[in-house]
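Take the sequences, apply the hints, and build the full model.
Residue-level listing of the chains:
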Amino acid sequence: MAHSRIITLTTDFGTQDGFVGAMKGVILSVNPKALIVDITHEIEAHDVYSAAFTLRNSCRSFPKGTIHLAVVDPGVGSRRKPMLLHTERYFFLGPDNGVFSFVVEEGEKVNAFELTESKYFLTPPSHTFHGRDIFGPVAGYLSLGIDPGEFGPELHDCVKISLPSPIVSKSKIEGQIIHIDRFGNLITNIDAVSVDALRTRGDVRIDVGSITLKNIAHSYSEVDEGSPLALMGSSGFLEIAVNRGNAHEKLGLKRGDRIRMELMS
Amino acid sequence: MAHSRIITLTTDFGTQDGFVGAMKGVILSVNPKALIVDITHEIEAHDVYSAAFTLRNSCRSFPKGTIHLAVVDPGVGSRRKPMLLHTERYFFLGPDNGVFSFVVEEGEKVNAFELTESKYFLTPPSHTFHGRDIFGPVAGYLSLGIDPGEFGPELHDCVKISLPSPIVSKSKIEGQIIHIDRFGNLITNIDAVSVDALRTRGDVRIDVGSITLKNIAHSYSEVDEGSPLALMGSSGFLEIAVNRGNAHEKLGLKRGDRIRMELMS
Amino acid sequence: MAHSRIITLTTDFGTQDGFVGAMKGVILSVNPKALIVDITHEIEAHDVYSAAFTLRNSCRSFPKGTIHLAVVDPGVGSRRKPMLLHTERYFFLGPDNGVFSFVVEEGEKVNAFELTESKYFLTPPSHTFHGRDIFGPVAGYLSLGIDPGEFGPELHDCVKISLPSPIVSKSKIEGQIIHIDRFGNLITNIDAVSVDALRTRGDVRIDVGSITLKNIAHSYSEVDEGSPLALMGSSGFLEIAVNRGNAHEKLGLKRGDRIRMELMS
Numbered sequence: 001m002a003h004s005r006i007i008t009l010t011t012d013f014g015t016q017d018g019f020v021g022a023m024k025g026v027i028l029s030v031n032p033k034a035l036i037v038d039i040t041h042e043i044e045a046h047d048v049y050s051a052a053f054t055l056r057n058s059c060r061s062f063p064k065g066t067i068h069l070a071v072v073d074p075g076v077g078s079r080r081k082p083m084l085l086h087t088e089r090y091f092f093l094g095p096d097n098g099v100f101s102f103v104v105e106e107g108e109k110v111n112a113f114e115l116t117e118s119k120y121f122l123t124p125p126s127h128t129f130h131g132r133d134i135f136g137p138v139a140g141y142l143s144l145g146i147d148p149g150e151f152g153p154e155l156h157d158c159v160k161i162s163l164p165s166p167i168v169s170k171s172k173i174e175g176q177i178i179h180i181d182r183f184g185n186l187i188t189n190i191d192a193v194s195v196d197a198l199r200t201r202g203d204v205r206i207d208v209g210s211i212t213l214k215n216i217a218h219s220y221s222e223v224d225e226g227s228p229l230a231l232m233g234s235s236g237f238l239e240i241a242v243n244r245g246n247a248h249e250k251l252g253l254k255r256g257d258r259i260r261m262e263l264m265s
Numbered sequence: 001m002a003h004s005r006i007i008t009l010t011t012d013f014g015t016q017d018g019f020v021g022a023m024k025g026v027i028l029s030v031n032p033k034a035l036i037v038d039i040t041h042e043i044e045a046h047d048v049y050s051a052a053f054t055l056r057n058s059c060r061s062f063p064k065g066t067i068h069l070a071v072v073d074p075g076v077g078s079r080r081k082p083m084l085l086h087t088e089r090y091f092f093l094g095p096d097n098g099v100f101s102f103v104v105e106e107g108e109k110v111n112a113f114e115l116t117e118s119k120y121f122l123t124p125p126s127h128t129f130h131g132r133d134i135f136g137p138v139a140g141y142l143s144l145g146i147d148p149g150e151f152g153p154e155l156h157d158c159v160k161i162s163l164p165s166p167i168v169s170k171s172k173i174e175g176q177i178i179h180i181d182r183f184g185n186l187i188t189n190i191d192a193v194s195v196d197a198l199r200t201r202g203d204v205r206i207d208v209g210s211i212t213l214k215n216i217a218h219s220y221s222e223v224d225e226g227s228p229l230a231l232m233g234s235s236g237f238l239e240i241a242v243n244r245g246n247a248h249e250k251l252g253l254k255r256g257d258r259i260r261m262e263l264m265s
Numbered sequence: 001m002a003h004s005r006i007i008t009l010t011t012d013f014g015t016q017d018g019f020v021g022a023m024k025g026v027i028l029s030v031n032p033k034a035l036i037v038d039i040t041h042e043i044e045a046h047d048v049y050s051a052a053f054t055l056r057n058s059c060r061s062f063p064k065g066t067i068h069l070a071v072v073d074p075g076v077g078s079r080r081k082p083m084l085l086h087t088e089r090y091f092f093l094g095p096d097n098g099v100f101s102f103v104v105e106e107g108e109k110v111n112a113f114e115l116t117e118s119k120y121f122l123t124p125p126s127h128t129f130h131g132r133d134i135f136g137p138v139a140g141y142l143s144l145g146i147d148p149g150e151f152g153p154e155l156h157d158c159v160k161i162s163l164p165s166p167i168v169s170k171s172k173i174e175g176q177i178i179h180i181d182r183f184g185n186l187i188t189n190i191d192a193v194s195v196d197a198l199r200t201r202g203d204v205r206i207d208v209g210s211i212t213l214k215n216i217a218h219s220y221s222e223v224d225e226g227s228p229l230a231l232m233g234s235s236g237f238l239e240i241a242v243n244r245g246n247a248h249e250k251l252g253l254k255r256g257d258r259i260r261m262e263l264m265s
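Chains as they are written, first to last, in our numbering: chain A, 1 to 265; chain B, 1 to 265; chain C, 1 to 265.
Any given hint could be a false lead.
Said to hold, decoys possible - Just a few of them, taken from the derived set where beta-carbon distance is under 10 Å, the chain B residues facing chain A:
{"no.": "1", "residue": "Phe13"}
{"no.": "2", "residue": "Asp17"}
{"no.": "3", "residue": "Val20"}
{"no.": "4", "residue": "Gly21"}
{"no.": "5", "residue": "Ile36"}
{"no.": "6", "residue": "Ser78"}
{"no.": "7", "residue": "Leu122"}
{"no.": "8", "residue": "His127"}
{"no.": "9", "residue": "Thr128"}
{"no.": "10", "residue": "Pro153"}
{"no.": "11", "residue": "Leu155"}
Stated by the list, open to error - Cross-link-like lysine-lysine pairs, in silico, DSS-like; alpha carbons within 27 Å at most:
{"no.": "12", "chain 1": "A", "residue 1": "Lys81", "chain 2": "A", "residue 2": "Lys64"}
{"no.": "13", "chain 1": "A", "residue 1": "Lys33", "chain 2": "B", "residue 2": "Lys170"}
{"no.": "14", "chain 1": "C", "residue 1": "Lys64", "chain 2": "A", "residue 2": "Lys33"}
{"no.": "15", "chain 1": "C", "residue 1": "Lys33", "chain 2": "B", "residue 2": "Lys33"}
Quick caveat, the hints were computed from the structure, so don't treat them as lab data. Even glycine gets a Cβ: it sits at the ideal position worked out from N, Cα and C.
The structure is reproduced here in structure tokens:
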């Protein structure tokens, strides 16, 4: 796979300090032709799970060869390893703490490398800002075409986190809310494949919080303004939304709350 | 008009989810040489009016041929049409919901097209994220030089929203506050032409909330720190500000509040 | 020094209005090949000191020749001068109000110029938005290779602000908290040189607020989760942090609070 000059950034650095700027400066010092794209810097501080979920939803839209850098790194400076993951489509750079748990497609070939070759780091790297001192410059060198194996030895065992799995039976799916987006849409862990399988057996009803929905809509506007609905969202999961409103505020539901979809009897 | 490789983005997507990143990934997948510039992603959710006003204030600073993409789209997936507007200076891409109401100059020639040619879309497009699935890729193709007429048939009737007009007479102008910026400056709908016309007839006074101003200043520092003033703002409208302070907080005024400028007797 | 096509932006414009977009549009109208990098637009309104500190921490990561634009400009339109600072490594563009006080290295040669040549401005410049009308276009021309001396006469006396100095004696250092970052880390004005000098004389203890620390850690994870620690931060100053937590919230400390490091007796 050819490398790309595109480098994306997903961090919990926020945008009020100069952290992101410093990291971009280092990347551009190594490769002035790098094309840096922000995915987000607003991951809640230290929330590795949210970073992993956000990266899953956006990384696949980028061209083959893109270098995805993710720095949500509460263990910076400890023994957690700085890592390069090389999949069939992309490069991923960040701490080995689970942040890349959702980016590998089923059956996709993956190579992982620990970043140990300090000639590709700022010297000496700080113990608190590896985004600037390790991941940034390595991203720059990678975008110049340095081979993944040059940065350090292969890693054979990476840290994984997992999405809570829905419980699927012949007549129902029990899931939960795993993410709330900026519009207040409630994203669940109930995937399209499970939903389609259940719906081939009959009409379904959905119970979540105090409401029951008897339909899966195609778009928000199929219900009246201010009314709740369920639909398959752009991330590939079932979502609960309110047409032109905020489901999170209106329904009082939060991350972790249960949702059940079952065949109507 | 030659197309440009510059694509600007104005959305209500926020920056904490990966929506903006996904959209940029799609654009760069179509045209890796596109130059993407964020105008803002902090439009309040579903606030088409604010998006239209923000776009008006910033789009004109860009070079001829720039592609302006605006996705504030509460009706996504409904019958509202995805649209391409082609003016003498720019291309505008977004939903036909009024978001481009303030970008056409008086007398400027405009062609509008409905986006129907699905070969330029991600397939199949989702019903909830046309920024990624329709507007993003079309922006990419447009920046590659595809002719506007290739994307679909001409549209002869677009949705328009309007700014509230001030009431102008020989001796006074009655207007209102239409926008509050991040500094707390209160932007009114009273335009420079009306103000100049009134001032040729004599000295004016301005009444807004509980204060009266007897002058139009040239810069904030013409009054003492913490004092209110009126001046012609960078958007071309009369603004009420507080020198080194926040007029919105200090004066307790909000969007929709009345302002009157009249000749002093 | 050769100019670069990289232009960084540090402002208090926020990201919800179109101010940043308009400024970028103007820069790209002058030089479509400019590479614009946001450092931050979230400086608190009118807070020149924070802008100066943020710029100090991030500007040095950029390649030689980078043009750093900083517009935190409460005196816009008054007699404060628009300025270009030319150091051995960088160009700095912004108001002469102290915002560049911390960017010049000790002993570095500096030339300053007042921006007076209006052919490089938007005409006529507004009195309230010099970022768009003066600094933006001048940055564009500078990135095209226009000589610094072309923009106006040399300036021999610039406004300076200073960081509060720590009080250093043989047995102790008395400093204060000068910045709080998005993670809640408390950055002090106690620099590495002073700390190293004191530590060559013996073990130290640190008193801040109600806590005492008897060690300077190398990384956050050297203490238990939720425990406070002191370490030398990525900005080169002593920081007080909480491992995987927020020191600002947990310890109830704020900007200006005192900190003392002294030899243990």
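Verification of the supplied hints:
no., hint, in the structure
1, Phe13, "holds, 7 Å"
2, Asp17, "holds, 5 Å"
3, Val20, "holds, 8 Å"
4, Gly21, "holds, 3 Å"
5, Ile36, "holds, 8 Å"
6, Ser78, "holds, 4 Å"
7, Leu122, "holds, 9 Å"
8, His127, "holds, 4 Å"
9, Thr128, "holds, 5 Å"
10, Pro153, "violated, 22 Å"
11, Leu155, "violated, 20 Å"
12, Lys81/A / Lys64/A, "holds, 25 Å"
13, Lys33/A / Lys170/B, "violated, 59 Å"
14, Lys64/C / Lys33/A, "holds, 15 Å"
15, Lys33/C / Lys33/B, "holds, 11 Å"
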